[in-house]
Amino acid sequence: MHVHKRRKEVSDRLARIEGHVHGVKNMVETDKTCPEILLQIVAIRAALNKVSKIVLEDHVESCLKEAATSGETEQHFEELKEALSKLI
19 MHVHKRRKEV
29 SDRLARIEGH
39 VHGVKNMVET
49 DKTCPEILLQ
59 IVAIRAALNK
69 VSKIVLEDHV
79 ESCLKEAATS
89 GETEQHFEEL
99 KEALSKLI
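One gets this note's numbering by counting positions in the sequence shown from 1 and adding 18 to each.
Don't read these hints as lab results, they were simulated from the structure. It is possible that part of the hints are untrue.
Unchecked claim - SDA-like cross-link-like pairs, simulated, lysine to any residue; straight-line CA separation at most 20 Å:
#1 K71 - L82
#2 K71 - L102
#3 K104 - E75
#4 K43 - P53
#5 K23 - E79
All chains, please: the whole structure from these sequences, using the hints.
Listed below in structure tokens is the structure:
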């Protein structure tokens, strides 16, 4: 089992993103302009990118470091490559 060092930070950011998505849904339901909605979607994407960066940093700092000491680097690098290919 992996312990995320920055779990609280990631969880808090995801909660804010969740609220932001709900706000955009309300904007659609109340007929806000398309540019206003698109601007908020851009903000959500930026927030998700930041969360992805935090999770990736956590992975490199803990999982890959641990893999290097345990000799399981190949498996961890393959998993990282697969995750990154889906993320990007």
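Within 20 Å, alpha carbon to alpha carbon, are K71 and L102?
holds, 11 Å
Can the restraint linking K71 and L82 be considered satisfied, given a maximum Cα separation of 20 Å?
holds, 15 Å
Starting from K104, check that the Cα of E75 is at most 20 Å away, please.
holds, 17 Å
Check the hint pairing K23 with E79 against an upper bound of 20 Å on the C-alpha distance.
Measuring from Cα to Cα gives roughly 9 Å; hence the hint holds.
Are the Cα positions of K43 and P53 separated by 20 Å at most?
holds, 14 Å
When each numbered hint is compared with the structure, no violation occurs for any of them.
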